[in-house]
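S.K.: My numbering numbers the first residue of the sequence shown as 24 and each following residue consecutively.
One or more hints might be untrue.
What the hints assert, rightly or not - Label pairs and their calculated CB-CB ranges:
{"id": "1", "residue 1": "167", "residue 2": "717", "range": "38 to 46 Å"}
{"id": "2", "residue 1": "281", "residue 2": "550", "range": "21 to 29 Å"}
{"id": "3", "residue 1": "168", "residue 2": "223", "range": "25 to 33 Å"}
{"id": "4", "residue 1": "606", "residue 2": "312", "range": "34 to 42 Å"}
{"id": "5", "residue 1": "168", "residue 2": "717", "range": "33 to 41 Å"}
{"id": "6", "residue 1": "661", "residue 2": "927", "range": "17 to 25 Å"}
{"id": "7", "residue 1": "257", "residue 2": "38", "range": "48 to 56 Å"}
{"id": "8", "residue 1": "923", "residue 2": "38", "range": "39 to 47 Å"}
{"id": "9", "residue 1": "474", "residue 2": "447", "range": "53 to 61 Å"}
{"id": "10", "residue 1": "749", "residue 2": "181", "range": "38 to 46 Å"}
{"id": "11", "residue 1": "181", "residue 2": "717", "range": "22 to 30 Å"}
Hints listed in this document are in silico derivations from the structure and should not be mistaken for laboratory results. Heads up, the beta-carbon is just placed ideally off N, CA and C, and yes, glycines get one too.
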Amino acid sequence: MIAPEQNARIDDERPIPPQVPRGSLRLQLHRGYDFDAATATVPYLHALGVSHLFASPILAARPGSAHGYDVIDHDRINPELGGEDGLRRLVAALRRHGMGLIVDIVPNHMAIDNGNRRWRDMLEWGRRSPSADFFDIDWDSTDAALRGRVLLPFLGEPYGEALDAGALRLHLDAADGRLHVAYYEHRFPIAAEQYPLLLEAAGMPVLAARFRLRGSRPRDALRRAFDDGRAALTAAAGDPGVAKLLQAYDAVTDAGRSRLHELLERQHYRLAWWRSAADQINWRRFFDILELPALRMQDVPVFEAAHATIFRLYAEGLIDGLRIDHVDGLADPRRYCRRLRLRLQQLQAQRPPGAAPGPAYVVVEKILAPRERLARDWLVDGTSGYTFMNEVGALLHDPAGEAALTQLWRTIGGDRGFDEEERRARRYIALELFPAEFNACAHALHTIARSQPHWRDWPLAAVRRVLAELLAHFPVYRTYVDDRGRSAADAAIMREVTAAAMRSCRPGEQALVTLVDRWLGGERPSQAGPAKQRRMRLRAVARFQQLTSRVAAKAVEDTAFYRHGRLLSRNEVGADPAQFSMSAGDFHRAARLRGQRYPRAMLTTATHDHKRGEDVRARLSVLSECPQRWAEAVERWSQRHAPLRQPYRDGVAPDDIDQYMLYQMMVGCWPLTLQPHDADGLAAFAERLWQWQRKAIREAKRHGNWIDPDTQYEAHCERWLRSVLDVRRDGEFPRMVEDFLATIAPAGAAKGLAQTLLRMTVPGVPDLYQGADFWDLSMVDPDNRRAVDFAARDAALAQAGVTSGTAQLERWQDGAIKQRLIARVLGYRARHPALFERGSYRPLRVRGPLSSRMIAFARSLDGQAIVVVVPRFTLGLLDEHRGLRPDAAALAGSELVLPRPLAQRRWRPVLDDGPAVPTAHGCIALNAALCPWPLALLTTDGREA
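Kindly generate the complete structure, drawing on both the sequences and the hints.
M.R.: Dropping the structure here:
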């Protein structure tokens, strides 16, 4: 049951949170914005209409973590957030307002830190440690130097140089009696079995005997002996013998350096230069991040240990839902999700009366390819929203502008389309960024080849070439093959992949493509023969599937997205830039399918991982409606800034691609309050843009990368950027940008409102990212994780009660109109939850001149219904003298056609308390529906007009 600390008990006198979230808001928690800060925000979130707070990870993370994904201890709530007491205070505040809590969890990896006891224990005890199988380590590496050892590539220089420089030093932590080798902030623990040897050599036999680690003893006895010895060593920390021991291994002398090297060679790890990691690492990590080793979550003991605190919090009623981070990194996502659901169901009966009734709300962070569907047998409520973010973004792009923007891009970036750019990036990433993981997968496949006489002549080099082709053509993040073999969906994907690989591989290796496809699940692993053969197949399948997901993420999102820049509003997480737009019909079909399969899926248009804020993308999408005007502006600006570009190697810096992408970011992110004469404001904006561009240059890997940055090219780009926004050098260019923005920014804001209304009314659970209740003109992280001024938002929401929507539409730049829209719709959802949970979805037709520029639908349940009408293309739709209010002349002659069951109803607006909307002959004129808003949410209670 729940501890009654600090009035944080949950009882049945408080409102019970809804079982299904009506709307969530994501908060990024960290030391500077902790549980108590979030608690202070709860009244505002409640007033806005949010039913669930959605928190970033809450378990103990590395000190100073800005995001919480670097967990170091699954058994504690993060003390920097306020610990469990702080969490209970937050939950108590949520419960007082009838709200729930969704928490992000990180099952794929932990973080390496001196405070990570599991990692330390594994290094201390090697394969004898209970944590040896907690982390996904290849203890049987094909590299003899790593067999039974873990590569630790954390040295800033080659090992020998670090040793010679005296950067590696043996230390004793007197507080807990542990010996370690220190390297700057790193502590590499000495193996437990080495203590008696070291102490005896130092002339301390009595102390050495306290450890009593020799011989085969039960694990618990060995640990007790080690703990007893550490206690004695702590007490003897001031003994001259300890000082003698440390001095004997001091690398300032040749003898000490030799002894230290010999000691390090006897450890359960091998220290190495960080540059050796890509080729030699023998443990799985989160993408290419060395500080985040992956976990063997497929093993039940690991699963239970990693989730123990989360399960306890759920059973005690403190949390109500989970978002699973990076589910595709797991060995078997399906089995993981099913196991998680089962455990939550088992704990449901323990939840106290004041907690939300079950089942728990569970969504997974997963990117789905255009034709990919999340399998229903995972037993989750859906994905965390990237799919919808792609759909609504594509919907707002005008297909009529695609050809002109493609031609503009070809004159700037060459003839390569995104598909080709992606394939090139996939090959590069697999072989250059993940060579160790690629080689491990190739070796696993080659082991299968060597196991049978009919296959043994295929050399490893051929297996590597075939594997590279399969990865290059892979259209999704991964497949989900297990011992049962492939699903129909996975089989279709692999047919596509192998057909493409057949065309691109060497003719003589086409037969090997067929074989590798067979080994990777074309033939059920369970039917592969003896147990050893089955294990080999499953090992190869696991390595392949975890490799494809990491290659996809780094090649697509973190490489190709920064190389191909036709229109950056389509370069977003979950999107396919090759798909420029989506028809209204396709959007409707996707919405209906989600309503049938995953009506509780999370819907989002902004996240902590987005490349550009939701309103940046909406503004940039307007360029698809005026591609010629945009091309002319780019040409003028390029000519104006040509003298500022520096000759560099075979071209100039910035090159055409980087300059063009920067112009897009400049236009897309330009703050609505930034004046062209504000030197300080422009300098601050230039700094934000530079932080984005430096990241973009390194992610693109055309001019250096994160490992080997081209700092000279970057310096030229930075000088260029700061110069073009320096009003003392050129006061005209900022005015040129402002003039261009005057033609597209209102249209972009109207699109921002459109995607906001769609997110809150189509099937699914709308999620709002922190700060996006005002205009979200953020860039990629860390820009999108900046502090949010909730006090200003609270004041604006209070003011909305005495300010009309018409007035806010005309003063739209402050963002209060977006907040008003969100509050109105969430309030309506709270009054009619069943309509949005179970209501039908029916596309509606718009007739007249605006038929192709609008999208409309109805949702209904048991006599209650709503009608939603939003513009897809907004340029020319607004009254240029009245902010975001539509131009009556532009709306003239267009009408919404209502089906017979809805045509006789009386309709009234939800967004403002206006009069009923007139209907005539089963239609509603857009002039009546879209007044004063550029979009409409109409409701009926079933009564006839």
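S.K.: Confirm or reject each hint.
M.R.: Right, here's what the structure says about each hint:
1. A hinted range of 38 to 46 Å holds for the C-beta pair residue 167 and residue 717, which are about 41 Å apart.
2. Hint check: residue 281 to residue 550, Cβ distance near 55 Å, so the stated range 21 to 29 Å is violated.
3. Separation of residue 168 from residue 223 is about 28 Å and conforms to the stated range, judged on CB atoms against 25 to 33 Å.
4. Distance hint check for residue 606 and residue 312: the Cβ-Cβ separation is about 39 Å, which falls inside the suggested range of 34 to 42 Å.
5. The hint said 33 to 41 Å for the Cβ distance between residue 168 and residue 717, and at roughly 37 Å that hint holds.
6. About 58 Å separates the C-beta atoms of residue 661 and residue 927, a value inconsistent with the hinted range of 17 to 25 Å.
7. Our hint of 48 to 56 Å for residue 257 and residue 38 holds, since their Cβ atoms are close to 52 Å apart.
8. Between residue 923 and residue 38, the C-beta spacing of about 40 Å keeps the proposed range 39 to 47 Å intact.
9. The hint said 53 to 61 Å for the Cβ distance between residue 474 and residue 447, and at roughly 34 Å that hint is violated.
10. For residue 749 paired with residue 181, a C-beta distance near 43 Å keeps the hint of 38 to 46 Å intact.
11. Under the hint 22 to 30 Å, the C-beta atoms of residue 181 and residue 717, about 28 Å apart, fit the expected range.
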